[in-house]
Amino acid sequence: MKKQSYTPARSITTEIEALLNQQIVMEGKSSAAYLSMASWCDTQGFEISAEFLYKHSEEERQHMLKLFRYVNAAGGHALQPEISGIKHSFNSLREVFESVLHHEIEVTKSINNIVDQCLQIKDFATFNFLQWYVNEQREEETLARRAVEIFDIIGEEGVGLWMIDQEVGKLAAYAARVSGKMNAD
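For the sequence shown, the UniProt record's numbering gives the first residue as 1, with consecutive numbering after it.
There's no promise every hint is true.
Calculated pairs, DSSO-like style, for lysine-lysine (alpha carbon to alpha carbon, straight line, at most 30 Å) [unchecked claim]:
| id | residue 1 | residue 2 |
| --- | --- | --- |
| 1 | K170 | K55 |
| 2 | K122 | K109 |
| 3 | K55 | K109 |
| 4 | K87 | K66 |
| 5 | K109 | K66 |
| 6 | K109 | K87 |
| 7 | K66 | K55 |
| 8 | K55 | K87 |
| 9 | K122 | K66 |
| 10 | K170 | K66 |
| 11 | K87 | K170 |
| 12 | K109 | K170 |
Label-pair ranges, simulated between beta-carbon atoms [to be verified]:
| id | residue 1 | residue 2 | range |
| --- | --- | --- | --- |
| 13 | K122 | G169 | 40 to 46 Å |
| 14 | R145 | H88 | 20 to 26 Å |
| 15 | V148 | Q22 | 22 to 28 Å |
| 16 | T43 | E149 | 23 to 29 Å |
| 17 | E51 | R10 | 38 to 44 Å |
| 18 | R138 | E95 | 20 to 26 Å |
| 19 | A9 | E47 | 46 to 52 Å |
| 20 | G75 | N112 | 20 to 26 Å |
| 21 | L65 | E95 | 24 to 30 Å |
Simulated from the structure, these hints should not be mistaken for lab results.
Every residue gets a Cβ at the ideal spot worked out from N, C-alpha and C, and that includes glycine.
Start from the sequences, fold in the hints, and give me the full structure.
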């Protein structure tokens, strides 16, 4: 990555701006994917999982907006992503949460790549801004991993899926406890 000079109107390099715009796309796709998953859960009677995913869809949108504002405030131009290719049907509730885990791992890799690029070019302001995302991704992966684990702990037979749906409602409290936060959202 070639080092660029900064101007009074721009405190972000075009390379970091491009990476952040790619992350905006990823956050927008996360929001759309979780909204689609929530809708599927709603149609299948998994009301608590649906609410969990509706909430996460909105959180991902907020993550996107946070990036938008940062890019624009730093003199760049945040771009509204085009969202396509969102899956609307799933074979099982387990598939939904396995998809969430896979997606969150990909988001973590993307954030880590941007953080690495910021360190390479000594963009400490963006590096510092991204630390919120680094911490958020740790929590998101913790939630997603636990969601997948409860399928194996409870099992899907009999009332298992109903119990799993109930446990999904407790994931925010679980993540808060294991991450050291005092109150869950």
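Results of checking the hints against the structure:
The suggested pairing of K170 with K55 holds, with an alpha-carbon distance near 13 Å, which does not exceed 30 Å. At roughly 20 Å between alpha-carbon atoms, K122 and K109 fall within 30 Å of each other, so this suggested pair holds. Among the hinted pairs, K55 with K109 is consistent with the structure: their alpha-carbon atoms are about 23 Å apart, no more than 30 Å. Between K87 and K66 the CA atoms are separated by roughly 25 Å; this keeps the pair inside 30 Å, and the hint holds.
With a CA separation close to 19 Å, the supplied pair K109 and K66 stays within the 30 Å bound. At most 30 Å may separate the alpha-carbon atoms for a hinted pair to count; K109 and K87 meet this at roughly 22 Å. Restraint check: the Cα-Cα separation between K66 and K55 comes to about 17 Å, which is no more than 30 Å; the hinted pair holds. Taken as a hint, the K55 and K87 pair is honoured in the structure, with Cα atoms around 18 Å apart against an allowance of 30 Å.
Proximity of K122 to K66 is assessed by CA-CA distance (about 21 Å); at most 30 Å being required, the pair is judged to hold. Our distance criterion of 30 Å between C-alpha atoms is met by K170 and K66, whose separation comes to about 26 Å. This hinted pair checks out: K87 and K170 have alpha carbons roughly 26 Å apart, not beyond 30 Å. Between K109 and K170, the direct Cα distance comes to roughly 26 Å. Compliance with the 30 Å bound is thereby established for this hinted pair.
Evaluation of the 40 to 46 Å hint for K122 and G169 yields a pass: the beta carbon distance comes to about 44 Å. Taking 20 to 26 Å as the suggested C-beta distance range, the pair R145 and H88 conforms, at roughly 25 Å. In this structure, V148 and Q22 meet the distance hint of 22 to 28 Å, their C-beta atoms being roughly 27 Å apart. Separated by about 25 Å at the C-beta atoms, T43 and E149 satisfy the suggested range of 23 to 29 Å.
The hinted range of 38 to 44 Å is satisfied by E51 and R10, whose Cβ atoms lie roughly 42 Å apart. Taking the beta carbon of each, R138 and E95 are about 24 Å apart, inside 20 to 26 Å as hinted. Between A9 and E47 the beta carbons are some 50 Å apart, a value that agrees with the proposed interval 46 to 52 Å. A hinted range of 20 to 26 Å holds for the C-beta pair G75 and N112, which are about 24 Å apart.
For L65 and E95, the hinted distance range of 24 to 30 Å is satisfied, since their beta carbons lie about 29 Å from each other.
Hint compliance for this structure: no hint is broken.
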